[in-house]
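*Asks:* The lines below spell out each chain.
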Amino acid sequence: AQSVTQLDSHVSVSEGTPVLLRCNYSSSYSPSLFWYVQHPNKGLQLLLKYTSAATLVKGINGFEAEFKKSETSFHLTKPSAHMSDAAEYFCVVSVGNSGYNKLIFGAGTRLAVHP
Amino acid sequence: NAGVTQTPKFRVLKTGQSMTLLCAQDMNHEYMYWYRQDPGMGLRLIHYSVGEGTTAKGEVPDGYNVSRLKKQNFLLGLESAAPSQTSVYFCASSYGGGNQPQHFGDGTRLSIL
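The listed protein sequences correspond, in order, to chains L and C.
Its first residue numbered 11, the first sequence is counted upward by one per residue in my numbering.
Its first residue numbered 34, the second sequence is counted upward by one per residue in my numbering.
FYI, nobody ran anything at the bench for these hints, they're computed from the structure.
Treat the hints with caution; some may be incorrect.
Said to hold, decoys possible - Under the rule of at most 25 Å between Cα atoms (straight-line distance), these lysine-lysine pairs were calculated in the PhoX-like manner: (1) 47/C to 112/L; (2) 103/C to 112/L; (3) 52/L to 104/C.
To be verified - Derived Cβ-Cβ restraints for the label pairs, each shown as a range: (4) 71/C to 56/L: 28 to 34 Å; (5) 45/C to 80/L: 47 to 53 Å; (6) 50/L to 59/C: 31 to 37 Å; (7) 77/C to 87/L: 25 to 31 Å; (8) 56/L to 102/C: 44 to 50 Å; (9) 45/C to 90/L: 39 to 45 Å; (10) 49/C to 30/L: 30 to 36 Å; (11) 38/C to 90/L: 33 to 39 Å; (12) 49/C to 26/L: 50 to 56 Å; (13) 61/C to 19/L: 47 to 53 Å; (14) 38/C to 50/L: 16 to 22 Å; (15) 110/C to 92/L: 38 to 44 Å; (16) 103/C to 66/L: 26 to 32 Å.
Since the model is a prediction, treat every value here as computed from it, not as a measurement.
In this text, a Cβ means the ideal position worked out from N, Cα and C, and glycines have one as well.
Next comes chain C alone, as it looks inside the complex:
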């Protein structure tokens, strides 16, 4: 079972460059999420989607955009990378909302120089 797959696993960018992180899930989940993890701060929600074609802002959306063109994929874009966006990014998915647990990918470690 692949579950939630994130690509790439590592990336180094220069300030001002753009890139897209890809998340794919094979569990037919409706809900998908992008988080960032920084030391001592747990995970913070960037954007989320409650179904194909929908997206919404989370806790820390500035500097990021997302798209959910297909149910199984959720893309996170950085249009102009900044050093403050150096972080580990996690994608997650869940069958529904409410108290449904979220299933996480292994993360993308992103460094902005």
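Pulled out of the complex, with its shape left as it was, chain L reads as follows:
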């Protein structure tokens, strides 16, 4: 069965320090993986996606994620946090390569950024 585990429900960093949000997945197939961000009272915005091309994926706003098949991980990083990065982040695996793509969401990681 496919599943996604976000290892931290809350992460707190200081502005200007690195961000690491951890995600492990379980999939019987070669997965497509996404990171979405949700700001308060907003919908989810796509940060980046992995679809079996380069294992290091660059996204918007300076975020990137590395797909590691041996570790079944897809951790999200950013070298230097900004106050505007404070939001909730969802790791998502897409299952099914044709037709309807079912998205399986992690429970989310809330990122706090302190001055």
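Here the structure of chain L is known, so what remains is to put chain C in place on it, guided by the hints.
*Replies:* Chain C in isolation, oriented as in the chain L frame:
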């Protein structure tokens, strides 16, 4: 660009009342989805549609119905609202299936008293 628009943004219902949530997208996407978001549970799929005139059940379809009469619109109905349906509802659309990313609306916050 409007993208995905949901109406209303907020609503309070009494148990047993009915209502319809509207989702509209202007990206000519074939696929549309309705999710609910509850604390600590991420998003769960209620129903989805792979094209005009088609609908299918998702992960948590009980108590909800949907219709896709026009390609750009996807309606979610609650026939007899229950307190367990208090949640934030998100509509999304995608160009296709497979690994196509989904684009989300800003959500409808629904409270059932």
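*Asks:* Do the Cβ positions of residue 56/L and residue 102/C conform to the proposed distance bound of 44 to 50 Å?
*Replies:* 28 Å, violated
*Asks:* Can the suggested window of 25 to 31 Å be confirmed for the beta-carbon pair residue 77/C and residue 87/L?
*Replies:* Holds, at about 28 Å.
*Asks:* Do the beta carbons of residue 50/L and residue 59/C sit within 31 to 37 Å of each other?
*Replies:* Violated, at about 25 Å.
*Asks:* Given the hint that residue 47/C pairs with residue 112/L, test it: the Cα-Cα distance must not exceed 25 Å.
*Replies:* Status violated; Cα separation ~32 Å.
*Asks:* Please verify whether residue 103/C and residue 112/L have alpha carbons no more than 25 Å apart.
*Replies:* Status holds; Cα separation ~22 Å.
*Asks:* Given the hint of 50 to 56 Å, check if residue 49/C and residue 26/L actually sit that far apart at their C-beta atoms.
*Replies:* 53 Å, holds
*Asks:* Does the Cβ-Cβ separation between residue 45/C and residue 90/L fall within 39 to 45 Å?
*Replies:* Given a distance of about 42 Å, which is inside 39 to 45 Å, the answer is holds.
*Asks:* A range of 33 to 39 Å was offered for this pair. Does it hold for the Cβ distance of residue 38/C and residue 90/L?
*Replies:* With a Cβ separation near 34 Å, residue 38/C and residue 90/L satisfy 33 to 39 Å, so the hint holds.
*Asks:* Quick check on a hinted range of 16 to 22 Å for residue 38/C and residue 50/L, using CB atoms only.
*Replies:* With Cβ atoms ~19 Å apart, the hint holds.
*Asks:* At the C-beta level, are residue 103/C and residue 66/L separated by a distance inside 26 to 32 Å?
*Replies:* 41 Å Cβ-Cβ, so the 26 to 32 Å window is violated.
*Asks:* Could you say whether the range 47 to 53 Å given as a hint is met by the Cβ separation of residue 45/C and residue 80/L?
*Replies:* 50 Å, holds
*Asks:* Mind checking the hinted window 38 to 44 Å against the Cβ distance between residue 110/C and residue 92/L?
*Replies:* 41 Å, holds
In this structure, the earlier hints numbered 1, 4, 6, 8, 10, 13, 16 are contradicted, and the remaining ones agree with it.
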